[in-house]
Amino acid sequence: MAAQPLDLLQGTLDVLVLRTLAWGSMHGYAVSRWIHQRTDGVLEIEDAPLYKALHRLERAGYVAAEWGLSENNRRARYYSLTAAGRRQLKAEETAWRQYAAAVFKVLEPA
Amino acid sequence: MSHHRKLFRLPWRTSRQIDRDVDEELRFHLDMRVEALIAAGIAPEAARAQALKEFGDLDDARRYIEAVDHDIEAAQRRSDIMRDLWQDIGYAFRKLRASPAFTLAAIATLALGIGANTAIFSVVNSVLLRPMPFPQPDHLVRVVFTQQGHPDASTPMDLVDNRTRAANFVGFSAIESATANLVRENADAERVQGVRVNANYFDLLRARPVAGRFFLRGEDQNGAQNVAIIAEALWKRDFGGSASVIGKTVRINAAPFTIVGVVADAQRYPAAAELWLPKRFTAQELNDGSRGARWLGLLARVKDDVPVSVASAEVTRISEAMEKQFPEVFRERRARVASLQEFLTGDVRKPLFIMLGAVAFVLLIACANVANLMLVRATAREGELAIRTALGAGRGRLVRQLVTESVILSLIGGAMGVAVAKLGMMEMLSRAPASLPLIATASIDGTTLGVTALIALVTGIVFGVLPATQVRRGDLATALRAGARGARSRPAAHRAKRIIVVTEVALAVTLLTGAGLLLHSFRRLLSVDPGFRPEGTLSLKLALPGRTYDSTATRNFIRAMEERVRSLPGVTNVGIANFIPLDGASYGFTFTIRGRPAIRPSDQPSTEVRQVSPDYFAAIGMPVLRGRGVSNADQPGTTKVLVINQSFAKRFFPTENPVGQAIALGWGEDTTGDLREIVGVVGDVRGSALSDAPEPTVYVPIMQAPYSNLSIVARTNRDPASLTAPLRAVVRDLDHEIPIYSVQTMETRVASSVGRERFYAMLLATFAGVALLLSAVGLYGVIAYAVSQRTHELGVRVALGATSDHISRMVIGDGLALTAAGVVIGALGSWFAGKLVGSLLFEVNAFDPVTVIGVIAVLGGVAALASWLPARRAARVDPLIAMRGD
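If you're matching them up, the sequences are chains A and B in order. Counting from 1, one number per residue, gives the positions in the first sequence under our numbering. Counting from 1001, one number per residue, gives the positions in the second sequence under our numbering.
It should be emphasised that the hints constitute simulated quantities derived from the structure, not laboratory data. Yeah, the Cβ is synthetic: ideal placement off N, Cα and C, and Gly gets one too. A few of these clues could be false.
[To be verified] Some but not every residue of chain B turned toward chain A, in silico, with C-beta under 10 Å:
no.: 1; residue: Y1064
no.: 2; residue: D1529
no.: 3; residue: W1831
no.: 4; residue: F1832
[To be verified] Within a straight-line C-alpha distance of at most 16 Å, the following computed EDC-like cross-link-like pairs (lysine to aspartate or glutamate) qualify:
no.: 5; chain 1: B; residue 1: K1640; chain 2: B; residue 2: E1677
no.: 6; chain 1: A; residue 1: K52; chain 2: B; residue 2: D1071
no.: 7; chain 1: A; residue 1: K52; chain 2: B; residue 2: E1066
no.: 8; chain 1: A; residue 1: K52; chain 2: B; residue 2: E1677
[To be verified] Derived Cβ-Cβ restraints for the label pairs, each shown as a range:
no.: 9; chain 1: A; residue 1: G68; chain 2: B; residue 2: R1094; range: 34 to 40 Å
no.: 10; chain 1: B; residue 1: A1105; chain 2: A; residue 2: A22; range: 38 to 44 Å
no.: 11; chain 1: A; residue 1: T94; chain 2: B; residue 2: I1081; range: 48 to 54 Å
no.: 12; chain 1: B; residue 1: V1458; chain 2: A; residue 2: A22; range: 39 to 45 Å
no.: 13; chain 1: A; residue 1: A22; chain 2: B; residue 2: I1038; range: 37 to 43 Å
no.: 14; chain 1: A; residue 1: A22; chain 2: B; residue 2: R1094; range: 28 to 34 Å
no.: 15; chain 1: A; residue 1: T94; chain 2: B; residue 2: R1388; range: 44 to 50 Å
no.: 16; chain 1: B; residue 1: M1082; chain 2: A; residue 2: E108; range: 34 to 40 Å
no.: 17; chain 1: B; residue 1: R1388; chain 2: A; residue 2: G68; range: 53 to 59 Å
no.: 18; chain 1: A; residue 1: G68; chain 2: B; residue 2: I1081; range: 50 to 56 Å
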C-alpha cells in the first residue's frame, strides 16, 4: 500500500455502508464494488474492515442479513437496512454534513 | 430485530454452522472478485493474488466476524426465549380465563395447601430456626444436667466448679427466676417477671443497653449497692421511656434498688423477663454441703474459636469428676450444653415438626388434586395439543406451555396462600396457649415468603410436567380424529388419575389417624378427675417480701387474710397454700420414715411438699380420707404434724395404717430432718398437669412452716369471678406494696392447663379436615370424570337391561375400591403417624382401635358420598342419547 490516499476516519466506513445499503438489499461483494465506484478509488478501502463493519452493524441491529441467491446462482449473504439502520443513517449523515461544513469553513480562505 | 424472524423463527445455529457460514460468505466475495479480474484480462494466478491483497487481513476479519456472529446468535436466542415465554404466559392466562371453574378450583386448593404450610413454617421459623438476637448465638449455651436420666437443676457450687475448671468457655453465669414486687412512687405495686443473674451475664450475651449500662464487675458480690436493670417494655410502660430513669430508685421486694440500665426488648433473655437483679450467694450456699439443693440455671458462652461439642464434652468431664468426689449426693449426674433455642423449645420442637409434617401432607394432597385437574384438562385438550403439534410446535414447546400454565396457577395459589396464612396465623395466635413460648413472635418474614415462593414454584413445575408427559406425538392422528369430540380417555392417563387418588386417600388416612389419636387423647384428658372441685372457686397469688415479712409477720398476714376473706359476702371457705394444683410448681424434698433402716442421702425417696391452711382442703374440695386434715390447733408450739396424700400412703405404707407414723423431712438446716407425725390422709390431686399421675405429696400446716409465696383459694356460692375486686381490696388494705397476680377461677386453671393439648389437637384436626375435604373432592372428580367417559358404555349396559340400581352400585363400588386401596396403603402411614404422635398421647395407645375404626368409617362415608353424586348421574343415563352422542 504505497500510496494510501486518505486515512479513513473512525466510523466513516459505517456511514458509507449504511448509505450504500439505502439503495437496496445487496451482498458484501456488491457493497464493496459500489463504494469503490462511487469514490473513484480515492478511498482505497480494504474489504476486511468492510465485512467487519457489515457484521458489526448487524449486531447493532442497523442491518439485517439473509442468505439468498446471487446473480450467478450462488448462495450469498444479502444485507438490508432495518428501520433502526435508516434512522441511524439519517443521524450520521446530518452529523457528517455539519462536521464537513465546519472543516470547510476553516479551510476556506477568509 | 429482523422482521423476517418475527414471522417464523429461523432455527438456532450451532457454533460450527456459524463458522461455516462466515467461510462461505468470504469465499463468495473472493471468488466473485477473482472472476471479475480474470474477465478484465488478468491471469488467474495474479487475479487471485490481487483479490487477496485488496481484501486485507483475511484471518483477522474471519476471527472478528465469527465473534460478532456468535454474539448475534446468543442475543437472538435470548430474545426468542423471552418472546416464547411472554407468548406462553399470555396464552396461559387466556386458557385459564377460558375455564374459570378449573382455574378457581386449582387456585383455591393450592392456596389452602400453600397457606397452611406458610403459616406453620413461619411459626417453626420464628420458634425453632431464627437465631437468637445475640452475636455468635450458637456459642451461647445453657449448661444442663441430668441425674439418672432425669433433668436436674444446678447449684451455686456447679457454677464454682465450672468457673474454676473449664478452659473452653468465656464465662458462666447463674440464672435464677426472681419474680418481684415492684413499687414506684405514687403508683400501684406491680408484679414483675424477673431473673437474678451474675454480673457477667450481659457480657456473655454480648447485648447492648438501650440506655444506661449493664452490671459492673463485683455488683453481684455481697455488700455491693443494689442495682437493677429493666426491660425496654417496662421502661416505656412505667417510666414513659424517659432517660431520667437511670439512677432512679424503686422498691423491689421492699428493698431500695437503683435502676442502672435498660435492655432492648429484642434482646431480652429470658424473653419473658422484665427485670434483672444481681445474684448474690451466701457463704453457706458456696459450700460443698449445699450440693444437694439444686434450683439454679446456668448460662455460658463458649469461646469463639472452640467448637461447641468440645465445650460440651468438657462440662461432661467436669460433672463426672465431681461425682467421683461427692458420691453421696450425685448419682449418674451428667452435664452437657444445650443451645438457648433447644433449651427454650425442647418440648415444643416435636409437636411443631409434627404439625409441619401434617401441613406438608395437606400440600401433597392439594398438589395431587391439582395434578388430577391438570390431567383431566390435558386429556380434554388433546385435540388442541395435537393441532399445535401438527402446526410444528415441538414437544418441548408444548411441555413448556403446560408447565407455564401450572406455574402461573401455583404462583397465584401461592400469593393467595400468603393471605390464607395471614388469616390462619391470626386465628392460630389468638388460640395459642400462653404456655407456648415464642409462638406470639411468629410472623411472615422474608425467609417465610422465600420458602413459600419456592414451594409454589416447585409445585407448579412438578404438576405441570406430569400431565405434559401425557402429550405424545405418536398418536397424533387418533388425537386429531378424536379432536372434534375433545375428550378421549386413554388407559394410561386414567390409571395415573386413579393412582393419584389412591395416594390422596392414603395421605388423608394418615393425617386423620394422627388427628384422631390426638383428639381421642384430649377427650381422655378432659375426663380426668383432677382430685379437687374446681367449680365455684377463685384463686390468686401473691408474694410477701422476705425483707419485711419474717415468719411471725407472715403468720399474722395469713391469719388476717383468712379472716377478712372469710367475712366477704358469699365466701364459704378460704384456703391458703404455697402452691395450688396445676400451677406447674414442683417443690420436693427427701425424707426418711421413722423406725425404718437408715438410707444414704442420695438414695432417699423424695416427696412433694405443700404448706396449707386449715380450711384449704375444704376450699379447694379435696376429701379427707383418713384421720384428720390440718386444724386450727396446729400452731408453731404444738406437735409437728403433716397430712399425706393417697399416693404417698400407697407407696410408702402399702400395708400399714400411716396415721400415727412419722416422717422426717429433709428441709431446713437441720441435717437430721424435721420429724412430723402423720395425722391424716387426703385424696390425690393432679399436681403439675392433668396428664401427670399424682405424686406422693405431704401437706404441712402453714402456721408451722410459713412460706412467702402464697396462693389464696376462695370458695363461693356466687359467681367466683365477682370476688376479684373484693379480694384485691383485702390485699391492698393489708399491705399496699404487695401486688396480686394470676387471678383466675380454678376452672380456668384446669382449662388452660390442657391448653397445649387442646391447641395441638385443634390444629391437627383442622389440617385433617382440610385433607379429608380435598381428597373427597379429588375422589369425586375422578369418579365423575370416569362416569362422563363411560357414558357410552353405561348407555349400552342400560340398553342391555342393567337397572339404574345396578349402575349406581357399580359406580359407587368403583369409588369404594379406590378408597379401600388408599386405606390399606394409608394404614402403613398411620402406623408411622401413631409412632410420631405417640409421645404426645395421654392414655391412648398409638394403635388405638377406636381411632382406626373411626377414621375408616369417616373416610368410607365421605368416599361413598363423593361417589354417590356421580353414581346418581350415571344411573340416569338415557341409552338413546348416550349412544347417539358417540
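A quick look at each hint next to the structure:
{"no.": "1", "hint": "Y1064", "verdict": "holds, 5 Å"}
{"no.": "2", "hint": "D1529", "verdict": "violated, 86 Å"}
{"no.": "3", "hint": "W1831", "verdict": "violated, 65 Å"}
{"no.": "4", "hint": "F1832", "verdict": "violated, 61 Å"}
{"no.": "5", "hint": "B:K1640 / B:E1677", "verdict": "holds, 6 Å"}
{"no.": "6", "hint": "A:K52 / B:D1071", "verdict": "holds, 14 Å"}
{"no.": "7", "hint": "A:K52 / B:E1066", "verdict": "holds, 10 Å"}
{"no.": "8", "hint": "A:K52 / B:E1677", "verdict": "violated, 112 Å"}
{"no.": "9", "hint": "A:G68 / B:R1094: 34 to 40 Å", "verdict": "holds, 38 Å"}
{"no.": "10", "hint": "B:A1105 / A:A22: 38 to 44 Å", "verdict": "violated, 59 Å"}
{"no.": "11", "hint": "A:T94 / B:I1081: 48 to 54 Å", "verdict": "violated, 37 Å"}
{"no.": "12", "hint": "B:V1458 / A:A22: 39 to 45 Å", "verdict": "violated, 54 Å"}
{"no.": "13", "hint": "A:A22 / B:I1038: 37 to 43 Å", "verdict": "violated, 31 Å"}
{"no.": "14", "hint": "A:A22 / B:R1094: 28 to 34 Å", "verdict": "violated, 42 Å"}
{"no.": "15", "hint": "A:T94 / B:R1388: 44 to 50 Å", "verdict": "holds, 49 Å"}
{"no.": "16", "hint": "B:M1082 / A:E108: 34 to 40 Å", "verdict": "violated, 54 Å"}
{"no.": "17", "hint": "B:R1388 / A:G68: 53 to 59 Å", "verdict": "violated, 31 Å"}
{"no.": "18", "hint": "A:G68 / B:I1081: 50 to 56 Å", "verdict": "violated, 27 Å"}
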